[in-house]
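Visitor: Here is how the chains run, residue by residue.
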Amino acid sequence: MPEKTNRSVHGGWFFLAVVLVGYGMSSLFDWEATAQALDFFMILIRQVFPVLGLVFVLLLVANLLLTPKLIKRYLGKEAGFKGWLGAVGGGILSIGPIYAWYAVLSELKAGGMRTALIATFFCSRAVKLPLLPLMIHYFGLVYTLILCLYLVIFAVINGLVVEKLLPQKTE
Amino acid sequence: MDFNEQCANDEVGHEVKVQRMKTRAANRLAASFKKTMLAFFNVLPIIIGMLLATSLVITVFPDQISDGLFGNGAALDALLGAVIGSIAVGHPLASYLLGGELLGGGVGLVAVTALLVTWVTVGIVQLPAESLMLGGRFAVYRNLVCFGVSIPIAFLTVCTLQLMGMI
Numbered sequence: 008m009p010e011k012t013n014r015s016v017h018g019g020w021f022f023l024a025v026v027l028v029g030y031g032m033s034s035l036f037d038w039e040a041t042a043q044a045l046d047f048f049m050i051l052i053r054q055v056f057p058v059l060g061l062v063f064v065l066l067l068v069a070n071l072l073l074t075p076k077l078i079k080r081y082l083g084k085e086a087g088f089k090g091w092l093g094a095v096g097g098g099i100l101s102i103g104p105i106y107a108w109y110a111v112l113s114e115l116k117a118g119g120m121r122t123a124l125i126a127t128f129f130c131s132r133a134v135k136l137p138l139l140p141l142m143i144h145y146f147g148l149v150y151t152l153i154l155c156l157y158l159v160i161f162a163v164i165n166g167l168v169v170e171k172l173l174p175q176k177t178e
Numbered sequence: 007m008d009f010n011e012q013c014a015n016d017e018v019g020h021e022v023k024v025q026r027m028k029t030r031a032a033n034r035l036a037a038s039f040k041k042t043m044l045a046f047f048n049v050l051p052i053i054i055g056m057l058l059a060t061s062l063v064i065t066v067f068p069d070q071i072s073d074g075l076f077g078n079g080a081a082l083d084a085l086l087g088a089v090i091g092s093i094a095v096g097h098p099l100a101s102y103l104l105g106g107e108l109l110g111g112g113v114g115l116v117a118v119t120a121l122l123v124t125w126v127t128v129g130i131v132q133l134p135a136e137s138l139m140l141g142g143r144f145a146v147y148r149n150l151v152c153f154g155v156s157i158p159i160a161f162l163t164v165c166t167l168q169l170m171g172m173i
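Residue numbers (this note's numbering), protein chains in the order written: chain Y, 8 to 178; chain U, 7 to 173.
Certain hints may be false.
As the list claims (entries may be wrong) - Okay, the calculated bits of chain U under chain Y, using three or more residues with CB under 8 Å as the criterion:
1) 16-23
2) 136-146
Stated by the list, open to error - A few chain U residues that face chain Y, going by a derived Cβ cut-off under 10 Å, partial list only:
3) 48
4) 78
5) 81
Hints are computed from structural coordinates only; laboratory data are not their basis.
Even glycine gets a Cβ: it sits at the ideal position worked out from N, Cα and C.
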């Protein structure tokens with residue numbers, strides 16, 4: 008197993024342990040709030056469960072169909088406009104909490120997905136298609152359209168800036 | 007070898023080829039499934055930890071903190087909105103509700119827009135999980151850039167609305 012994956016495995020369990028210690032400490036100070044937090048956790052897990060199923064299917068499809076060569080072609084350096092379109096579209100269409108997508112993006116990154124496109128994907132998630140009617144209801148149609156337009160433009164800028172800031176890997 | 011024998015051999019050869027292809031596909035599917043299960047098992051403690059952390063922060067973080075802090079000029083309000091959005095966790099719908107309430111309470115649209123943008127693009131609570139999966143530097147830079155970008159987005163959105171005579 009590569010060192011990075013190993014670190015991520017142990018890091019994940021360590022992270023969970025730290026959170027559980029936090030719960031333990033919180034229960035010492037305010038048991039009621041901790042119990043409320045656990046109730047809320049149960050609600051969240053029920054909401055996230057179907058998304059996790061989708062993530063599992065996407066991971067399986069990615070492992071089955073996407074070869075590093077293919078990823079590099081469509082989401083790598085040479086992807087060009089198609090890559091940007093895929094990152095922005097994917098970000099807008101992706102549903103569920105952001106952390107559910109870390110695994111998929113981590114796999115794609117390992118396969119050669121461009122860093123700028125990963126950052127763009129994350130930023131594009133700010134445009135929530137299913138929630139647009141609600142946003143329009145609260146803030147108006149024109150505001151929503153203008154904000155979404157700027158979000159998409161800045162998602163690309165964001166991707167380019169993040170890539171520029173990160174040290175380039177020699178292949 | 008007569009014609010019938012040749013045909014029979016071809017048929018057997020074809021069947022062997024099909025069988026080999028099926029076996030290869032089944033092996034590939036099994037390998038992919040195993041790899042996916044491993045990746046999923048690796049990410050599971052992170053997701054559960056994230057959900058637990060989110061629940062605790064939402065319960066402990068009082069709503070009152072966001073009230074009474076604004077009103078220090080558009081730039082500072084935008085910065086404060088962006089900070090609250092970065093720390094806050096939860097469904098984006100909650101940001102619309104909070105944003106709507108803040109607007110109703112007299113908070114400027116620039117601050118509310120900055121809050122809406124950082125709510126979904128910046129995640130202080132998610133930072134450890136993002137660092138573990140995508141690298142520490144990537145996670146820090148991405149969140150910092152998203153935070154920085156949220157303020158120009160907020161100003162540009164409001165300026166555009168003003169130029170269009172909508173506000």
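Visitor: Would you mind marking each hint as holding or not holding in the structure?
Guide: Going through the hints against the structure:
Check on the region 16-23 of chain U: 0 of its residues sit with their Cβ under 8 Å from a Cβ of chain Y, so the three-residue criterion for coverage is violated. Only residues whose C-beta sits within less than 8 Å of a C-beta in chain Y count toward coverage, and the region 136-146 of chain U has 6 of them, enough to reach three; the restraint holds. Nearest Cβ of chain Y to the Cβ of residue 48/U: about 5 Å, under the 10 Å cut. The hint holds. Residue-level restraint check for residue 78/U is violated (minimum Cβ-Cβ distance to chain Y is 23 Å; threshold 10 Å).
For residue 81/U, the interface hint is violated, since its Cβ never comes within 10 Å of a Cβ in chain Y; the closest pair sits about 18 Å apart.
In this structure, the hints that do not hold are numbers 1, 4 and 5, in rising order.
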